[in-house]
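Chemist: From first to last, the protein sequence lines stand for chains F and V.
Residue numbers for the first sequence follow my numbering, so the first one is 1 and each next one is one higher.
Residue numbers for the second sequence follow my numbering, so the first one is 1001 and each next one is one higher.
In case anyone wonders, no lab produced these hints; they're calculated from the structure.
Source: prediction; values computed, not measured.
Errors might be hidden in some of the hints.
What the hints assert, rightly or not - Here are the computed lysine to aspartate or glutamate pairs in the EDC-like style, where the Cα-Cα straight-line distance is at most 16 angstroms:
id, chain 1, residue 1, chain 2, residue 2
1, V, Lys1277, F, Glu178
2, F, Lys147, F, Glu116
3, V, Lys1164, F, Asp290
4, F, Lys164, V, Asp1290
5, F, Lys277, V, Asp1286
6, F, Lys147, F, Glu178
7, V, Lys1164, F, Asp286
8, F, Lys277, V, Asp1195
9, F, Lys164, V, Glu1275
10, F, Lys147, F, Glu312
11, V, Lys1164, V, Asp1195
12, V, Lys1277, F, Asp286
There are 2 protein chains.
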Amino acid sequence: MAEAIALGQAARGRTAPNPNVGCIIVRDGQPVGSGATERGGRPHAEAVALAQAGQRARGASLFTTLEPCAHRSHRGPACADLIVEAGVSRVVAALVDPDQRTAGDGLDRLRAAGVEVTAGTGEQGAAESLTGWLTRMRLGRPRITLKLALSIDGKIALPSGESKWITGEDARAHVHLERAHADMILVGRGTFLADQPRLDVRLPGLEEWSPRRALLTRGEPVEGWEILRSPQDVFRLHDVNDLLVEGGSSTATAFLAADLVDRILLYRAPILIGEGKSSVGYLGLDAIADAHGRWEPRDGRSLGIDRLEVYERVRT
Amino acid sequence: MAEAIALGQAARGRTAPNPNVGCIIVRDGQPVGSGATERGGRPHAEAVALAQAGQRARGASLFTTLEPCAHRSHRGPACADLIVEAGVSRVVAALVDPDQRTAGDGLDRLRAAGVEVTAGTGEQGAAESLTGWLTRMRLGRPRITLKLALSIDGKIALPSGESKWITGEDARAHVHLERAHADMILVGRGTFLADQPRLDVRLPGLEEWSPRRALLTRGEPVEGWEILRSPQDVFRLHDVNDLLVEGGSSTATAFLAADLVDRILLYRAPILIGEGKSSVGYLGLDAIADAHGRWEPRDGRSLGIDRLEVYERVRT
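Input sequences plus hints: build the corresponding full structure.
Modeler: This is the structure we're talking about:
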């Protein structure tokens, strides 16, 4: 299952509106087929893996991070049917599909056809790899990650606006990796005007993974950029699983104040700026006590001389 | 030597103006005496260890973090003489004393008396434990540590000034441990008026280690508090090895702008404050590039839900 999860995670950022599923087919202890959801969501991971396995799928075990779909569509047959037709004898699914069109029907159809079915194996890892899509299923909006590049003292720029460069090359390369796994990147109009950012993925081999670009602005549209008028517009993004908000301060504040950030990626450079632009503005906080219990540190590591801190919003 | 260093480190914060030396005497593989510089600087570590060893010092090896002193004073005899008299056959010193009154004379006197002498063993660890005193010898002022308790976004208080509590109990206990190893703690007048801080050590068994308290102010003196008129006054603190600057923002900024901070202890809570008081004010920075290369991350660890980051000033 770990391999299936890795395949699915690698496909993250280009399968929306579909989930980035990973699948591997094993026969006599040997992998005979593997795959992930293709760009744009079709074919599904199971179909890719089955096509690769061919006749070797007969009698084999199929591991998938998400329950195989039970719904036929004009874009392809139901994976549950494909699996039965291929003669797979055992299916291990990490997660049951929360999509109303499947929601257990896929596993039921497999069981009815005599396939041995196990669900729940590797559930946590699979859910992690599918967080974007799962968030959209649950909350009706993408999973939103806010990226901040800060000094020790929490500043993102000098009073003049100068912000290049706070973090070093390793941290910036990591940002590009995160971009590759996002379906859409958003900046505010201020950042757009100041930096004219390309927001593309500049990592060898991943250049084609550059996500869609969006602007948060009440002003004129810009060619090549999608427009969000307010953070609430994320509820209209039905084809975005993972949204990366890259700044600047006003945009970060707008999303945080609307409680529309699920995860903060904080790249911290070992420098002091002192007087300068704060990373975050007014959040409506009345007391320090009210600030506690909302964010949980989830990861921390060195990136060259900088440090990456990852916080996730605690939602109970 | 590791044991001698640990003994010396434990005595840090109460031996000024003398160094916090650690010493252990070993005979036939067994420790027969150990000690550290006593409160106020006398007796010296070697004298304490020799007194404990008594006759067992004859033919033994003595490990000390700093070269035994060669100068007699009205406060006690020279340690080099005591060691020779006790019949110690071998002395291992981590550091040669930079104090002009000794500066190798101690080791020379031992050698002249037929004692086998080794210097430089465990040098780095010993220098670490003696940083406060070594800084004073080298720069003519204490080693200065700045403590900051911040939110993720680098704020130390709400706009109202409310700052209790940003960090949790584990982080605050760690601050008390750092206080125990400081000779003096300093705050600004604003913090004094707002918080009426006791700045004492509230850790079981360490209550008596509370350091001297100082105020940075141009205003009226306050009973029980020593007064510094400006950060430059640290050059007049001839009896302080380790100075802990605890805030607030104006005081932190004054010390940083004067380049009189050697180490930053940063306690970071997983909260966002947004609009509020910044930790550091104007530092005279013209360009982001000028901020780089000054601070090196030296330590990082979790303290409950908070995180401690330690930065040291890079001085070339």
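Chemist: Just to be careful, I want the Cα atoms of Lys147 (chain F) and Glu312 (chain F) compared with a cutoff of 16 angstroms; is the pair within it?
Modeler: 12 angstroms, holds
Chemist: Straight-line Cα separation of Lys1164 (chain V) and Asp286 (chain F) no greater than 16 angstroms?
Modeler: Cα-Cα ~13 angstroms, so holds.
Chemist: With the threshold set at 16 angstroms, check whether the alpha-carbon distance from Lys1277 (chain V) to Glu178 (chain F) stays at or below it.
Modeler: 31 angstroms, violated
Chemist: Take a quick look at whether Lys1277 (chain V) and Asp286 (chain F) sit within 16 angstroms of each other, Cα to Cα.
Modeler: 14 angstroms, holds
Chemist: Would the hint linking Lys147 (chain F) and Glu178 (chain F) be met if the CA-CA limit is 16 angstroms?
Modeler: Given that 16 angstroms is the threshold and the Cα spacing comes to 9 angstroms, the pair holds.
Chemist: For Lys1164 (chain V) and Asp290 (chain F), compute the direct alpha-carbon distance and say whether it is at most 16 angstroms.
Modeler: 11 angstroms, holds
Chemist: Within a Cα-Cα threshold of 16 angstroms, do Lys164 (chain F) and Asp1290 (chain V) meet the stated pairing?
Modeler: 11 angstroms, holds
Chemist: Is Lys277 (chain F) close enough to Asp1286 (chain V), meaning Cα to Cα at most 16 angstroms?
Modeler: Holds, because 14 angstroms separates the two Cα atoms, which is no more than 16 angstroms.
Chemist: Compare the distance between the alpha carbons of Lys164 (chain F) and Glu1275 (chain V) with 16 angstroms, and conclude whether the hinted pair is satisfied.
Modeler: 23 angstroms, violated
Chemist: Given the hinted pair Lys277 (chain F) and Asp1195 (chain V), is their Cα-Cα distance within 16 angstroms?
Modeler: 28 angstroms, violated
Chemist: Does Asp1195 (chain V) sit within 16 angstroms of Lys1164 (chain V), going by the straight-line distance between their CA atoms?
Modeler: Holds, because 10 angstroms separates the two Cα atoms, which is no more than 16 angstroms.
Chemist: Taking only the CA atoms, is the gap from Lys147 (chain F) to Glu116 (chain F) under or equal to 16 angstroms?
Modeler: 44 angstroms, violated
Taken one by one, the earlier hints fail for this structure at numbers 1, 2, 8, 9, listed in ascending order.
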